[in-house]
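Engineer: One letter stands for each residue in the lines below.
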Amino acid sequence: MTLAALAAQLVNGLASASALFLLAAGLTLIFGVTRIVNFAHGSLYMVGAYGAWALVDRFGPASFWAAVAAATLLGAVLGALAERGVLRRLYDAPEMLQLTATFAFVLITRDALLWLFGAEDRLGPRVPGLAGTLTLGPLTLPQYDAVLVVAGPLVLVALTLLVRRTRFGLYVRAAAENRVVAGALGIDEARLFTLVFALGAGLAALAGALQLPREPANLAMDLPAVADAFVVTVVGGLGSIPGAFVAALLIAEVKALCIGLGTQTIGGVPIAFPQLTLVAEFAVMAVVLTLRPQGLFGRVATALPTTTLPEQRALVARGGRATLLAAAAIALVGIAGPLLADEYVRVLATDILVATLFAASLQWLLGTGGLTSFGHAAYFGVGAYAAALAARHGWPFAAALAWGPLAALVWAALCGWFAVRSHGVYLAMLTLAFAQITWAAAFQWDAVTGGSNGLFGLWPPAWLADRTRYFLFTAVVVGGAWSGLRAITRGRFGYAVRATRDSPLRAAASGIPVRHTQWRAFVIAGGFAGLAGALYTFAKGSIGPDALAIPRSVDAIVMVLLGGLASWFGPLAGAGVFTWLQDTLARTFDYWRAALGALILAIVLLFPGGIGGAWQWLRARSR
Amino acid sequence: MSRRLCTAAAALVLALSASPAALAQQPIKLGELNSYKQFAAFLDPYKNGMQLALEEINAAGGVLGRPLAIVSRDDNGTPGDAVRVAEELLTRENVALLMGTFPSNVGLAVADLAKQRKVLFIAAEPLTDKIVWENGNAYTFRLRASTYMQTAMLVPEAAKLNKKRWAIVYPNYEYGTAATTAFKQQMTARAPAGIEFIEFPVPLGKIDPGPTVQAMLDAKPDAIFSSLFGADLARFVREGELRGLFKDRPVFNLLGGEPEYLDPLKDEAPVGWWVTGYPWYSLDTPAHQRFLKAYEARFHDYPRLGAVVGYSTVKTAAAALRKAGSTDTAKLVAAMQDLDVDTPFGIVRYRALDHQSTMGAFVGRTAVKDGKGVMVDWHYADGKDYLPPDAIVRKLRPAP
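In order, the protein sequences belong to chains W and P. In terms of the numbering used here, the first sequence opens at residue 1 and continues consecutively. In terms of the numbering used here, the second sequence opens at residue 1 and continues consecutively.
Since the hints were derived computationally from the structure, they do not count as laboratory data. Treat the hints with caution; some may be incorrect.
Claimed, not checked - Stretch by stretch, here's where chain W covers chain P in the computed footprint (C-beta under 8 Å, at least three residues): (1) 52 to 62; (2) 184 to 194.
Unchecked claim - Estimated spans, in silico, between C-beta atoms of each pair: (3) W:Leu-130 / P:Arg-298: 56 to 64 Å; (4) W:Gly-118 / P:Leu-64: 32 to 40 Å; (5) P:Pro-400 / W:Trp-395: 23 to 31 Å.
To be verified - Every beta carbon over 12 Å from chain P, so not counted as near; a handful from chain W, in silico: (6) Gly-13; (7) Leu-348; (8) Phe-443.
Glycine is no exception: its CB is placed at the ideal position from the N, C-alpha and C atoms.
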């Protein structure tokens with residue numbers, strides 16, 4: 001690579017960096033003030049692109065800038081509506097519940113846009129006056145990219161001025177620092193949140209609209225966008241707008257360099273750098289967060305959080321006779337029901353049981369440990385692949401099944417060792433980074449993992465091949481494992497983990513090694529997730545990279561919250577309702593994703609404590 | 001009561017309660033699954049195509065004296081969900097066979113399930129070579145021309161140009177890597193000594209067009225081979241045009257002429273690229289004209305390639321049922337061997353050798369006409385001419 005080529009790539013990176021910054025700025029603003037992890041940020045980005053396309057298509061290319069403005073406004077209005085209509089009602093609920101609500105928005109937006117615009121990609125026209133290229137020495141740069149290069153810093157300056165120099169900005173900073181005190185000082189929190197949400201959503205739509213001349217509006221742009229935005233936000237330091245800018249620059253340049261380097265031979269080993277673009281941003285994030293757990297510009301929390309959510313007590317309450325009876329009844333109905341129903345119910349129930357164990361392992365981490373993971377699928381996937389590879393190498397079924405959780409345990413021990421050095425959302429993002437790196441390894445390591453296709457022909461031995469028998473087998477394994485996890489939760493170690501969640505300081509003072517305890521909790525969660533993965537492999541006969549992709553992690557979070565973070569039967573309720581709903585709706589409606597989203601939204605709004613919470617509420621009322 | 005006695009009693013009850021006429025009316029169910037939400041641009045027309053074929057078959061009296069019915073499911077684009085809905089089709093709907101699927105990984109997972117549950121599976125769209133070769137099995141047959149075949153269709157033109165330095169850009173997953181491997185292999189076999197390839201893998205759906213095009217420019221290739229499609233292709237075309245990447249460089253793009261991917265580009269469709277695709281607007285064989293007219297009359301829209309695939313898949317199922325004279329899997333699988341099916345592209349044959357159909361594709365060059373991308377100077381490349389010799393296929397396919 002020549003020096004001129006290197007310079008050219010760096011300039012190209014600048015345009016991508018601007019686009020990335022615009023996308024992330026809104027997210028970091030919203031998070032900084034409201035602490036909401038807005039999964040729908042990518043959906044707003046997509047709405048911006050489609051909105052601008054519709055207007056440009058209607059009024060001609062000359063209206064491009066007006067269309068961008070209108071799309072931005074549309075995004076802001078939608079954001080304000082979502083905050084007022086839904087999220088506002090959830091501020092007192094467990095933090096992650098808002099994430100579930102925004103996930104419902106993702107599902108609804110996708111189907112709404114499909115319905116409105118159809119399936120075909122919508123390519124916008126080139127921008128009049130900016131359709132050509134600039135020539136700077138050896139470099140040819142599209143004029144529009146040059147505009148983007150300038151637009152990013154402009155927005156950065158505008159936002160910084162807004163936050164630093166205006167009264168609104170003062171409120172924003174105050175609320176970001178301490179919500180309660182800000183409220184006590186007379187800042188109208190509700191109004192402020194709506195405004196911030198509108199601003200953040202507007203920025204997302206703006207980023208989407210500005211992307212239109214470079215990329216067709218399409219229905220798959222939401223999740224990659226939100227993943228990118230998260231990464232930039234976290235690498236920069238949550239809530240820090242300059243941080244987001246630097247992070248966007250760093251990531252875009254690393255990617256541009258990877259592409260520019262091509263395949264280089266280093267020490268006799270050829271390394272295909274462009275292949276790394278699949279995970280470049282996550283690799284950057286893993287490195288940054290390992291070195292600086294609060295991101296580049298994030299501030300170190302002065303005091304460690306102390307949370308005592310009363311509803312979480314149920315998780316460790318000694319099971320009375322009533323609980324035991326309920327568990328027995330659930331087990332009986334759960335096994336006898338599918339046996340009496342048609343054969344497919346047993347297939348579906350097997351899926352639900354596997355999801356239950358997976359969700360239970362996440363609930364242990366999230367509920368009992370207070371350790372948020374966005375990348376739990378990594379351990380599910382490692383367990384699944386490990387079992388599959390063992391079976392492929394001729395291991396007996398039982399050994400392969402046992403090897404799954406063991407491998408996941410080892411992998412969780414490694415990732416967890418780094419992850420538990422962070423807290424809160426940083427920890428969540430670090431787990432996501434590890435999960436994505438694991439995913440990329442599975443996706444590209446053709447010789448071992450079968451690459452994007454995965455591995456096939458992994459059916460259980462003949463004595464278990466029958467659907468009913470495998471269902472019963474799964475029921476026994478999941479029942480046993482789940483009981484084991486419950487025993488750990490209620491035992492001495494469970495109490496220690498809970499102490500580190502509720503007050504790390506007091507826990508440390510009582511002689512509990514906080515980080516070590518959290519690390520062990522992480523490893524245990526990984527092991528159980530791995531067992532779920534191993535069971536999954538043999539239920540499906542095949543395993544692919546989707547087993548450890550982001551959607552599986554998100555599904556698990558939704559299941560846990562849907563079931564109730566604090567309810568002991570929450571994982572089963574959440575996994576059961578989610579899987580069953582998806583199965584039924586997909587068969588009944590064309591727009592089943594929107595229907596699923598609407599139902600999740602309804603559950604979240606009516607029962608902020610999830611299904612388990614609703615059950616407790618009912619019981620309390622009937623007393 | 002023994003099981004046999006039970007069955008006999010049940011059969012008797014059934015025979016008494018149902019008149020022959022009512023029994024004849026019981027439709028034969030075809031189980032279909034696809035990633036309708038993930039690949040809607042291809043699969044909406046595909047669904048229409050299936051519907052058209054179904055209506056034609058049933059209007060002509062159905063198959064084996066019974067009407068056909070399609071039970072369709074969304075597989076959510078993941079192998080795990082696909083296996084579950086396929087199990088539902090098998091256990092609850094008692095379908096006679098399975099068909100459909102789009103991405104390679106889903107197709108392969110369902111193929112493996114078909115082998116495990118011993119049921120016929122007609123893979124409609126997955127392009128992966130593995131589904132009939134490396135991972136092929138006795139129960140799985142595939143309609144579309146594979147990655148290998150479509151690449152082979154472009155290679156003769158590419159080899160003719162005598163270019164030495166090729167840039168290859170591809171989506172970094174099974175389809176893209178398979179196309180790249182096939183291209184390199186076939187070109188090396190035909191082209192001059194000293195041919196070189198520089199590869200540019202891009203993440204699927206997330207191409208970073210500026211840096212990618214820049215890097216390709218820096219590599220100074222003589223010609224370009226691409227297997228991009230969808231949003232990646234649109235971004236690549238726009239960026240490449242702007243930066244002059246395609247100036248004086250021949251470009252070959254697998255699938256680039258399919259209306260699904262060419263139409264969104266409108267008047268910015270590239271000119272002079274060699275592509276495989278489907279020129280529905282100028283294909284005037286009687287078989288296609290009949291299909292085109294029927295499709296336009298039924299849906300008030302022009303067909304995409306997906307429509308042809310959906311239509312031909314259902315026609316395949318019907319032909320197999322007719323030839324087998326039964327819904328029994330063993331008979332159906334036997335009937336599929338060397339089965340001839342009438343499709344809008346003419347008669348295709350499912351080879352007994354490797355269960356691959358001989359459906360071809362159209363090879364031509366792109367042009368812009370009336371503000372739309374079209375294929376010109378095209379010819380039909382019959383699939384049977386673009387497969388490796390039988391001896392090699394036998395080596396590639398361990399399964400019978």
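Engineer: Now tell me if each hint is right for this structure.
Structural biologist: A quick look at each hint next to the structure:
Interface restraint, the region 52 to 62 of chain P with chain W: violated (0 residues with C-beta to C-beta distance below 8 Å; minimum three). For the region 184 to 194 of chain P, the proposed coverage by chain W is not satisfied: 0 residues have a C-beta within less than 8 Å of a C-beta in that chain, short of the threshold of three. Checking the proposed 56 to 64 Å range against Leu-130 (chain W) and Arg-298 (chain P) shows it is violated: the Cβ atoms sit about 43 Å from each other. One distance hint, 32 to 40 Å for the beta-carbon pair Gly-118 (chain W) and Leu-64 (chain P), holds here, with the actual separation near 38 Å.
At roughly 27 Å, the beta-carbon separation of Pro-400 (chain P) and Trp-395 (chain W) lies within the given 23 to 31 Å, and the hint holds. The claim that Gly-13 (chain W) lies off the interface is violated: its Cβ sits roughly 7 Å from the closest Cβ of chain P, which falls inside the 12 Å cut-off. The beta carbon of Leu-348 (chain W) sits about 7 Å from the closest Cβ of chain P, which is not more than 12 Å, so the claim that it is off the interface is violated. Remark: the non-interface label on Phe-443 (chain W) conflicts with the geometry, its nearest Cβ contact in chain P lying 7 Å away (cut-off 12 Å).
Hint compliance for this structure: hints 1, 2, 3, 6, 7 and 8 are broken, all remaining hints hold.
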